[in-house]
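**Q** Okay, here's what each chain looks like letter by letter:
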Amino acid sequence: MIRVEAPSGRPEAAFVLLLLQSLFWLIAGLSAAPFVLGGEIHMAGLVVATLLLALGTCMLAIGVLWRRRRARGLAIALEVMCLFGTAILLLLPIGFNRGPVSLMVNVALPIALIVLLRKDGEAFA
Amino acid sequence: MFDIAPDHAIGLYVGLLALPLALIAIQLRRPRDVSGTVLGASVLMAISGGIHLGLVLTHRNETITAALFVMNGVAYLALSQLYSWPWWRPASAALITMTLFGYLGYIVLGFDTPDQVALATKLLELTALGLVLVPVAGERPWRRRRWGTLAVAVPLLTVVTISVAWIDALARPDTQHVHVGAVLQQTNEVATPEQEAAAKQLYDQTVVAIAPYGDWHKAWDAGFRPGGSQSLPSTHWMNQRNVDAAYVMDPKHPQGLVYANSKHGPVLLGAMFQMKNIGNFGPDPGGPLTAWHQHENICFTPIGFEFSLMTPTATCPLGAIDITASPMLHVWIVDNPGGPFAVDIDEKVVKRIDQS
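Protein chains in written order, with numbering that gives the first Met the number 0: chain H, 0 to 124; chain Z, 0 to 355.
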């Protein structure tokens, strides 16, 4: 009997992770909005920038799902930047959160995405 | 919310133990006709099952909770290995959804409070749900229905789960987290007469020492500078020299002053002592009356020196970073309903001064 090897599903798995990441940023953006109403006027710019980042990440997720090479490249660049930023914050003595959730979201998730988006095998060849 | 509850830590260890076992199980079976997303969901469900079973050990006295943990853990472990079963996807999606709603019900009813183990488990389950539902290229069965379910369920459950956990943590803080983002120094519960006298002495000395700074020009000359927007009701003015010198609760050298931003200029509200290092609470002469507090998991942006709160998923807005401010103690020289050493000053008091 000939067994057909199933697709790896790497782009689909990357889509799910990018979708979750965009939702985390969406929540972060929305949660800062009340501080704008409280008088922190500069926070308004951060809210808009974060919501745009969430939207952009969601679009990248769709691009990755459609096997767009540009989306894949941009997603890798985004995750490398996230990892780099997290590494700096972990090294600085500023009390950056080192709990399991923080490590999952800020370290494990970008690493998993970079692994899923690598260019070998059938997924992104 | 950002701590690991002592009775939940065991769940984390068992969950981590389940990870290599789940990977070994996949290696042994070598399922070539199963997509990577399904195997990923299988591993995540095995970890989640391990966490739930681990929690049984510390919840043996709570019969119903322990029974639910056993049923949940066994169901997760079983489904993590049954991925060739035709009804695996609906069964897994239903189990994950029920578990998420069950947990939310538990915290809304006050049976549990969200902590790092619970939140990490929920993130694993949400990821597993996405992997269970997402159709890979070439998969035909229920393709459109699965996309539809994924597009609605994952965003909705993610937002609802995080929001409910966050609202619960803010609305029902424990005794150490009485103020948003602030962790209180642990002290005895009721102040002794000696502690009351020591607190009064500290208050009196501070009132006298900072009296000249009622004129903000003198504070400026002494090196105090506004540490944030002056469009807010009040602003902390920090003295970098006093911060660097690391004076410890010295009324003559407070690290900061707090001013209300009134129509007629800054009005002195009080002083702030601050320790140099994170986690190093200062001397506490007044016991519970003069407990220090440390602001943890706040998102700070250098753009305008503004703050917001880190989300339960440890995310800050773009341009802000998660920081912890070293322990501080305020001494309010205006009548503050929370007391002269309260973590924060009453908003109504500041508003009244601002509008005076």
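Hints listed in this document are in silico derivations from the structure and should not be mistaken for laboratory results.
Every value quoted in this text rests on a predicted model; they were computed, and no experiment measured them.
Heads up, the beta-carbon is just placed ideally off N, CA and C, and yes, glycines get one too.
Hints are not guaranteed to be accurate.
[Stated by the list, open to error] In silico contact screen, one side only, chain Z against chain H (beta carbon under 8 Å); selected entries:
| # | residue |
| --- | --- |
| 1 | G35 |
| 2 | V133 |
| 3 | Q194 |
[What the hints assert, rightly or not] Covered stretches of chain H, as calculated for chain Z (at least 3 residues, CB under 8 Å):
| # | segment |
| --- | --- |
| 4 | 8-16 |
| 5 | 20-27 |
| 6 | 39-53 |
| 7 | 72-79 |
| 8 | 90-99 |
| 9 | 102-113 |
[Unchecked claim] The calculated label-pair distances, taken between Cβ atoms and stated as ranges, are:
| # | chain 1 | residue 1 | chain 2 | residue 2 | range |
| --- | --- | --- | --- | --- | --- |
| 10 | H | I87 | Z | T191 | 21 to 31 Å |
| 11 | Z | K199 | H | V79 | 51 to 61 Å |
| 12 | Z | G101 | H | A48 | 34 to 44 Å |
| 13 | Z | E195 | H | A86 | 22 to 32 Å |
**Q** Does each hint fit the structure? Answer for all of them.
**A** We went through each hint and held it up to the structure:
Look at G35 of chain Z: its Cβ gets to within about 4 Å of chain H, closer than 8 Å, so that hint holds up. Given hint, V133 of chain Z at the interface with chain H, holds; its Cβ is 5 Å from that chain's nearest Cβ, closer than 8 Å. Evaluation of the Q194 of chain Z hint against chain H yields a violated restraint, the C-beta minimum of about 29 Å exceeding 8 Å. Chain Z is given as covering the segment 8-16 of chain H, and this holds because 8 residues of the stretch bring a CB closer than 8 Å to a CB of that chain, at least three being needed.
With 6 residues bearing a CB less than 8 Å from a CB of chain Z, the segment 20-27 of chain H meets the requirement of three and the coverage assertion stands. Counting residues of the segment 39-53 of chain H whose C-beta lies closer than 8 Å to any C-beta of chain Z gives 10; at least three are required, and the coverage claim holds. Coverage of the segment 72-79 of chain H by chain Z is violated [criterion: at least 3 residues with CB-CB distance below 8 Å; count 0]. Residues of the segment 90-99 of chain H with a Cβ under 8 Å from some Cβ of chain Z number 7, which satisfies the need for three, so the listed coverage holds.
Residue count for the segment 102-113 of chain H with a Cβ under 8 Å from a Cβ of chain Z: 3. That meets the three needed, and the coverage hint holds. Restraint check, I87 of chain H to T191 of chain Z: a C-beta distance of roughly 46 Å breaks the suggested window 21 to 31 Å. Evaluation of the 51 to 61 Å hint for K199 of chain Z and V79 of chain H yields a pass: the beta carbon distance comes to about 57 Å. The hinted window of 34 to 44 Å between G101 of chain Z and A48 of chain H holds, with their beta carbons roughly 36 Å apart.
E195 of chain Z and A86 of chain H have their C-beta atoms about 48 Å apart, which leaves the hinted 22 to 32 Å range violated.
The structure does not agree with the numbered hints 3, 7, 10, 13 stated previously, though it agrees with the rest.
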